[in-house]
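A.B. asks: Take the given structure of chain W and dock chain U to it, following the hints.
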Amino acid sequence: MAQPYEGFDLNTIHNNQAAQLGLQFAGTAVHAGHEYVEKNINQYINVSMLRHYFNVSNSYVLKKIQLLLFPFGRKHWARLVQRSEHTGHTTGYKPPREDLNSPDLYIPVMALITYVLLVGIVSGTKHMFHPEILGLTASKAIAVVLFEVVLIKLGCYLLNISAEAQFLDLICYCGYKFIGIIATLLVGVKSPSWATWSVFFYTNIAVGFFLLRSLRHIVLPDTSAATATGLHHRKHRIYFLFIVAALQLVFSWILLSNTWGLTDAHATATSAPLRSRP
Amino acid sequence: MFALGLLFYLGLLLLNAVAILNEQRFLARIGWSSGQATGFPDPNQSIKARLVNLISAVRTLLRHRDICLNYKHVPSTLL
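Chains W and U, in that order, are what the protein sequence lines are.
Throughout the first sequence, residue numbering follows the working numbering, covering 143 to 420 in sequence.
Throughout the second sequence, residue numbering follows the working numbering, covering 3 to 81 in sequence.
Among the hints, erroneous ones may be present.
Unchecked claim - Computed Cβ-Cβ distance ranges for the label pairs, DEER-style:
| # | chain 1 | residue 1 | chain 2 | residue 2 | range |
| --- | --- | --- | --- | --- | --- |
| 1 | U | ARG52 | W | HIS359 | 15 to 25 Å |
| 2 | W | PHE212 | U | ASN24 | 50 to 60 Å |
| 3 | W | PRO334 | U | ARG52 | 40 to 50 Å |
| 4 | U | ALA30 | W | SER399 | 37 to 47 Å |
Stated by the list, open to error - Using 30 Å as the maximum straight-line C-alpha spacing, the simulated DSS-like pairs for lysine-lysine come out as follows:
| # | chain 1 | residue 1 | chain 2 | residue 2 |
| --- | --- | --- | --- | --- |
| 5 | W | LYS236 | W | LYS205 |
| 6 | W | LYS295 | U | LYS50 |
| 7 | W | LYS236 | W | LYS217 |
| 8 | W | LYS217 | W | LYS377 |
| 9 | W | LYS377 | U | LYS50 |
| 10 | W | LYS181 | W | LYS236 |
Source of the hints: derived by calculation from the structure; they are not laboratory data.
From a predicted model like this one, the values you see are computed outputs, not experimental measurements.
Just so it is clear, CB atoms sit at the ideal spot from N, CA and C, and this is done for glycine as well.
The shape of chain U in the complex, shown without the other chains:
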């Protein structure tokens, strides 16, 4: 397996792993839900807050792709 392809797989799988995390079932339970209002970034944000932001950003970005892939099973709330 050549390494660039491996790196591509790694990025793809990690991004997907982040994208399928469920807000209510998983993230809210361990306290990683992105509840706070998004505004001008606070320079003294903790590392955890940045991680939560990153996860919610990735999920928002990939939601549309997942909707396209699952167009037969889209919940009506998302449409």
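Okay, chain W solo, but in the shape it has when bound:
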């Protein structure tokens, strides 16, 4: 069979000097481009840090979702510390793959997207779907998460909590409430309103409890070290923790409010023609 481009045959390319040179040049160019992109992205976001938050496994995700929905039986909430192999010094926390208590960004991001799509589906089942709903819902969800993070940051500043609480950690913790919201939305599609309300309250109490236990290590770092900061602040910090946990209910209600408005509109829109039908 005749080859139209024999010079670029893969078998002869190793013998061709010019092709070797070209390959090498292309390799370095791609490498330089890759490095340039990495450097410029790293100026704004710490990519290796982000990788740490997305380092999850299937079993971690399943167990974490289970923990978020049923957090009451768990005993150990402290994060595992990663130690360097040579010196034994601590080099940060273990990634989510190895530690169930570590916050991750995978579940919040996926839950946020699922929430936006589910709101679209729910409004579709009520024959109220409009493409605008997706954008508005996403904007609302991001705004609520950002607002909550800013609120927690302000509280940390006022209560003199050390800046050990990473910004990304807080985004993770704020994003976990979407799991409860998704559960409420899924139940709300077919169930009566009392079931939806009870699922709503249960999941929010569960997520609040989860946050209470997880944020405890940020807000009240150590019982022995806490005596240095004084009992006065300790009391305020405990109040702060409870307020953050209770705020989950408010934020979830804000995030779900438009779908509940839809159910009302659906009831009036469909029941009226049904009643008028002979």
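C.D. replies: What follows is chain U alone, placed relative to chain W:
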């Protein structure tokens, strides 16, 4: 109104509200003036002291913006 824009407005208006508080006419009268020397932060600072610090920090940061916006009416002491 979409929510991200609402959040942006909220932040902008709150920051401006803090920035226009007057040191002599208002803050000093209710005892929120940032009189003490700024140094290494004391770990046992009260919440009020932190708030006062925050307000004075926001006012310092936004003073230059306000000077630029009001360049025709700048008091000579600020220049």
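A.B. asks: Taking the hints in turn, state whether each one holds.
C.D. replies: The hints, checked one at a time:
no., hint, verdict
1, ARG52/U <-> HIS359/W: 15 to 25 Å, "22 Å, holds"
2, PHE212/W <-> ASN24/U: 50 to 60 Å, "54 Å, holds"
3, PRO334/W <-> ARG52/U: 40 to 50 Å, "48 Å, holds"
4, ALA30/U <-> SER399/W: 37 to 47 Å, "43 Å, holds"
5, LYS236/W <-> LYS205/W, "17 Å, holds"
6, LYS295/W <-> LYS50/U, "16 Å, holds"
7, LYS236/W <-> LYS217/W, "19 Å, holds"
8, LYS217/W <-> LYS377/W, "23 Å, holds"
9, LYS377/W <-> LYS50/U, "16 Å, holds"
10, LYS181/W <-> LYS236/W, "25 Å, holds"
In terms of the numbered hints stated before, the structure departs from none.
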